[in-house]
Structure formats: C-alpha cells, structure tokens
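Throw the hints in and build the complete structure from the sequences for me.
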Amino acid sequence: MEKKILLDAYRMMNRIREFENEAIELAKANATRAAVHTYQGEEAIAVGVCAHMTREDFITSTHRGHGHCIAKGAQLDRMFAELLGKGEGYCKGKGGSMHIADLTTGNLGANGIVGGGIPIAVGAALSMQLDAKGHFTVSFFGDGAANEGSFHEALNMASIWDLPVIFVCENNQYGISTHVSQSMHVKNIADRAMAYNMKGMVVDGNDIRDVYDAMGKAVEYVKAGKGPVLMEMKTYRMAGHYFGDNQNYRTREEVNSWKEKDPILQCGSLLLEEYGVQEEVLKQICKEERLAVQEASEDAKKMSEPKIEDLTEDLYDPELAPITWKTFLKADNGGKMR
Amino acid sequence: MRKEVIMPKVGLDMEEGIIQEWLKKVGDHVTAGEPLMSIETDKAVTEIEASVSGTLVEILVPENEEVEIATVVAYIETDEE
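Just so you know, the sequences run in chain order A and B. Under our numbering, think of the first position of the first sequence as 1155, with each following residue one higher. Under our numbering, think of the first position of the second sequence as 3, with each following residue one higher.
Calculated directly from the structure, the hints in this document are not laboratory data. Computed from a prediction, not measured in an experiment: that's the story for all the values here. Backbone N, C-alpha and C define an ideal beta-carbon position, used for all residues, glycine too. Keep in mind that the hints are not guaranteed to be accurate.
Unchecked claim - Covered stretches of chain B, going by a simulated chain A footprint (3 or more residues, C-beta under 8 Å):
no.	segment
1	3 to 13
2	41 to 54
Stated by the list, open to error - Just the calculated beta-carbon pair ranges, DEER-fashion:
no.	chain 1	residue 1	chain 2	residue 2	range
3	A	D1285	B	Q22	55 to 61 Å
4	A	H1306	B	Q22	41 to 47 Å
5	B	E68	A	S1335	35 to 41 Å
So, in structure tokens, the structure goes:
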C-alpha cells in the first residue's frame, strides 16, 4: 500500500470516527429524529473498500451506513442535515440516519431493512454488465443479513449471471444482541460462497492494509468477468447497536479487548513504524478532521426545516399518482392546516 | 475548554431520566469512553460514558434526582484547548 493512499485512508477513518462521535452527541441531545447506529471500530472496511471505487461504481449500504456514505465521498454537512431532519439533507430530511442516498457519489442508499440492499446491488450490477463499461457494485451488509433469504437469493442470481458485484459482509459479531455463534453454524460466512460456486475471501476487517489488498484482488476478479465475490470482513462493533443500547449481552472486558485492535490505532502505528510518518502529522490529521466535523455539524444545525407542502414530494410519481399533501389535508379535515 | 455533560436521550420515547449514580467525583479525571454516570429510565439502568477526556469540575444534578433529557448535569474541563 502506497504511503499517500494509507495517509488518505487514515484521514478518512478519522473523519468517520469523528462523525460518529458527533452523531451520538446529537442523539443524546435529542436533536436527531430517529435511532442512530454508529460505525466505530469498522472504519477500515468502508475506507479500504471505497478506496478502489469511482463515483461510477455503486454501493448499497445498511442501517449502519454513515461510514460507507462518507468513504464514498458524501458531504458531512448534508449528512448531518439529514440526521437532523433538515430540508438541505441528502433526502430533504425525510430519510434520517438510516436512509441516506447520494446518487452523485454512486451511493444507492442505506436501508433500514436488514439484507434489503443486497438484491438492489445485484440489479445494479446487472445494469453494469449490460452497459459493459467496466463498472461494478459493492453491497455492504452485516452478519445478521447473511441469514436472510435475500442474501441467498441475491448470491445465487449474481453467480448464475457472473455479475460484477462484490458482497462485503461486515461480520461485527452481533446481530443487535445475538452473537454469531448463536445464529449460524459455519466458522466463516465467506464459506457460504462455495454453495454458489463463487469466490469467497476472509479478511481482517480491522486491518486497513488487509482490507485494501483483498479488495484490490476482488476488483480485479470481477472486472475480468469472472463473476461475483463474497468478502467476509472480521470486525467488531465498538459502540452499542444504536446509541442507548445498554449492551448487557456482552462484557466491558470484551469491548475493551477489541479497543486494542482499533483499526485507526493500528493504521496510525503502521504509519509511524513502517512508513516513517511523524506523530505530529497524524495528530494534525485528527485535529483537522475533528474541526471539519464540528463545523459541518454547526452548519447543519443552522439549515432550514423542510416545508410541510413538500411532505409528499418525491414519494409518488406526479403523473401516475397526482397525490399531494393538500389532497391528504382535504380528505382529512376539509383542507385546513392543523 | 468547559464541556457540558447532559442527561442523554437513550431511548426513542425517553423524556426524563434519573441520575442513579455518579461514577466519578468532582476533581476526578475521566477519559473519553470511560463510564461517567449511570442513569435510570423507565426501561433500564444504563452506564453513560464520557464523550471527552478531562477533569470533572462540577456536578449540577445529584444522585436520585430526575431531570428532563438534554438538561446539563455536569461540566468537564477538557484536556485539550
């Protein structure tokens, strides 16, 4: 991994960590409009994967999707605006934390349905195969999603048609409060690739270099038209399932032992020890990202509330279903604003 | 920098919470991620971790008192400027 790429990855991982820490502060203060699922501890995956992607390559994301969204190039202020339900948010404040989509960066969207993004990625990959421009799709999902029917159906179809799609399973070991050992009987989720005659890879998801190198190989494979790849990233969710989760299903010792394997700390050590980067440089990067996140959060707070007239905008095709908020009001209470 | 510690909203329908226990005293140093207080809501008791590293300089809400969410309950003087 080149030094510049690794330094950029370190910066991006810090940006995600700071964003997530701030998202929790906003949730604590009752400023967010829905549950907030954060990505602390899993940053190396989004960053290492997206480092190999252009804006023309697509991703589908999950309820824990802020990291993917940022790594794909989203603007932090518009993301915060979405969390806060502001009109300038990526989905005009109607989606919230779990539903940010940003087509300008090739992000087909987070998804509140576990496993919901996987078949969408297969459809996107089919369009890319037909277009034949060499693009590919990545679908991020968790260990819980790997037990959903949509996972198996999607892998089967992608395999039949040799579609350019990389399934990135972020195995953070817990589906909400259920440990993987209680929900599946395979050692590696990647072993399930075999059932679909597909390439499977097991990767240390806390090691940016391992993620980046493995992803490089996966991209080469799908671009050569050899079909889809299932990558399992072994990782750990350092924070709760969502902010407010009291985590009584695991011990503080277990959480602390994984904090020692923090992907950002590991990346920092690598830069110091093997790439000769000065500690001051790393500190400066952390500080810059912290300030950028703070500024984006403050900017988002000042953005405007969405207008009530726009409530049904983007929900229905205006030609096929000419339903507006006014129609609802009329039906409900004679057109009077409540 | 003096940073506010608030009664956090830990559940979607939470409106107020009780400080069940302060896990640090005034004057103690606390590291970000370390348990700072436990709070009691209608549903459960939850340990809340400090979001910044610094010295706990002031506690505004004593144990067993109930306050609305987002109420300032303490101040931490952070290590960084």
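Verification of the supplied hints:
| no. | hint | verdict |
| --- | --- | --- |
| 1 | 3 to 13 | holds (count 5) |
| 2 | 41 to 54 | holds (count 5) |
| 3 | A:D1285 to B:Q22: 55 to 61 Å | 59 Å, holds |
| 4 | A:H1306 to B:Q22: 41 to 47 Å | 45 Å, holds |
| 5 | B:E68 to A:S1335: 35 to 41 Å | 40 Å, holds |
Checked against the numbered hints given earlier, the structure satisfies every one of them.
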